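Here the protein sequences line up with chains A and B, keeping their order. For the first sequence, the numbering used here gives the first residue as 1, with consecutive numbering after it. For the second sequence, the numbering used here gives the first residue as 1001, with consecutive numbering after it.
Please keep in mind that the hints were generated in silico from the structure rather than gathered at the bench. Possibly wrong hints are sitting among the right ones.
The calculated label-pair distances, taken between Cβ atoms and stated as ranges, are [claimed, not checked]:
#	chain 1	residue 1	chain 2	residue 2	range
1	B	Y1568	A	Y72	39 to 49 Å
2	A	Y72	B	T1144	48 to 58 Å
3	A	G118	B	D1133	24 to 34 Å
4	A	L172	B	D1108	44 to 54 Å
5	A	G50	B	M1447	38 to 48 Å
6	B	Q1492	A	Y51	18 to 28 Å
Just so you know, these numbers come straight off a predicted model, no measurement behind them. Using N, Cα and C, we set each Cβ at its ideal position, and we do this for glycine too.
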Amino acid sequence: MTEAVAVTENQEIEVEAEVDLSIADKVIERYKDIPGNLMPVLQGIQDDYGYVPRVVVDYVAERLNVYPSQIYGVLTFYAQFHLKPRGKYIIRVCMGTACHVLGAERIRESFYDRIKIGHGETSGDRRFTFELVACLGACGMAPLAMVNDETYGKMTVQKVEEIVKEYSALPL
Amino acid sequence: MAEAIKILICQGTGGISAGAKKVEAEFNRIIAEKGLTSTSGKHCEVVKTGCRGLCANDVLVDIVDGKGRTTYDFVQPEEVVKLVEEHIIAGEPLEKRKAKPYYNQFVDAQRRIVMSGCGQIDAESLDYYLAEDGFKAIEKCLKTMKPAEVTEEVKKAGLRGRGGGGFPTGLKWSFCAASPGHHKYIICNADEGDPGAFMDRSILEGDPYCIIEGMMIAGYAIGAQFGYVYVRAEYPLAIIRLQKAIDTCYEKGYLGKNCLGLGFEYDMRIKKGAGAFVCGEETALMASIEGERGMPRPRPPFPAVKGLWQNPSNINNVETFANVRHIINNGSDWYAAIGTDTTKGTKIFAVTGKVKHTGLVEVPAGMTIRAVLYDVCGGIINNRKFKAVQAGGPSGGCIPGEILDTPVDYDSLIKAGAMMGSGGLVVMDETTCMVDIAKFFLTFTVMESCGKCVPCRIGLKMMLDILIRITEGNGKEGDIETLLDLGATIKQASLCGLGQTAPNPVLSTIRYFRDEYEAHVNDKRCPSNACKELLLWRVVEDKCVKCGACKKACPVDAIVWEKGQTAYLDQSKCTKCKSCYDACRFMAIE
């Protein structure tokens, strides 16, 4: 899989500069006394920041008394942690078995044809992030796609076009 | 005295994505408007139930009044006014909008024990659960049974782990109970990662209290005071409902230092996963709870001896825990009478793919796959020919039509080259290519392999490379043999269950559909018209009924069709997306 081309190194540093560590403080306080708290802390941080910024990793390492390398180990192991800022609209296309059998591949392709980003990538204007997921658990409605929390069942190539149009017209 | 009318609306993930929230809001609004909430006359109550199985036909609404239960399917918010006015106020059920006879067939052919509460009770309400004999089983254990007797009862019932392995649950409990140690843990594995399986999610969403009770009983039997539920992060609704249930239990004294006022101490916490399929493996799952990378470790020592934080731990699947309270309530003899000699009780299957009624079905073990697919789920869509059913997800295998009469129990399925797995059944018809399916599952396991051991990390990738080559028309002689060889090695040499079972989809498809592999390799042809590199589409003039369905489906206007005319496919425009092929009901596109 190619790395996200959209977010450049400079942009990232720019964003990092604005990180407010007091948010991370609150999350750490919440889970301070629970054994095995590294994952809940990172999940909380991601919920609040939208991703896990680099400076926060160092900060968490210091507060929880673990090595940053250990934290990166966890962050890169699990699919749901993100080290880069994400788009406003997150498009998820289900690649589960039922969806696959009913044509998920062409849904993926037609999204790619229209927004030109692949799995895990974010568009340059940070409007869209595109993700392939294993199973959203609504196999009765296959093939399935989601935009943020909105579910679109029984997808067709035509519906892809409509969805992209709809969300492209929304304000950033 | 008011006439009580209940309106049950399915609010599982399936229901909500079909618009159940809007339907519910509409019911609430109209009921309030028509004054149907008063204590005299007709009193309506809207009940948000969990999944009732038939997700494909959501939103399902049941209206239960003095005359019994009426089910409506595909309910839209606009129709709610009519339903309230005619059915509830005038007392005239809308015959036309009722679910067709298939619905009763779907329901009647099942035997619902574990899912008895799902779809019937308000998932978020403790009172509903209590009314269904909730917490009676744990009360019985605490008051009248010794821990060893509880384990014995579960052993006698013959309950086997529903996560896929099929290890006898009672035996597992007795190992952990016998391990020395003061701190023991009960862990519920709700990291249901198999694509195409969603029974655990439905139970958590539809009847969360039964998991709490099942885990409490296990805790009592083993001597554990703490329970973890590891839920995958992809199930936000399940996490919310379970957390709510746990909070309510603490509040009402069902959990905590003195559960039910009977001196039993038990605490529970949810651990949210973060998107790693391998965490469904027990040692990886425990590593993940400890806050590490979720990588498996060699066994022994088994979790029953050294598990979570080096303490004795017992891991069972959601469905296993959901069975426990029924065994205690009704006795082991009652339970052992259901099912076959080696597999007792019922099993929930998630039937999806090219079948008419997709959804969750709970049937007694031993029913044939044919009966599940045809009697319960109504057969194949678009009247196409059945080819195979994939059982057990990425660890399982494909079962062809010839052995459709295999009963669904652990041992028969393994003999057929598949496995029970968590219970996903994905149905495939003549248009599904078996090489492509094998490639699909391997792509998944290659992505999810944790990378710790070599056979799984590198072996699977080598198998996948060969499969990709074959589906692109570049297969070589000897490829099939190499696949078999690699598969056998990976099965033997891998560290954990993921690697040991990952070659199964390939091996079982080669076993039953070797001719399809050979057609790809030797003739560079895909007999099922699925591998797009090998295809050129056209309309078969003799078979075309001039309906125009293909034109509607085509996203690039490559189909030329006018009313009363045979369709024509313009190759220069075609992107080989297969939309027309899937849309045609007469196999007139090839």
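Mind listing which of the numbered hints don't hold for this structure, in increasing order?
-> Structure breaks hints 1, 3, 5, 6.
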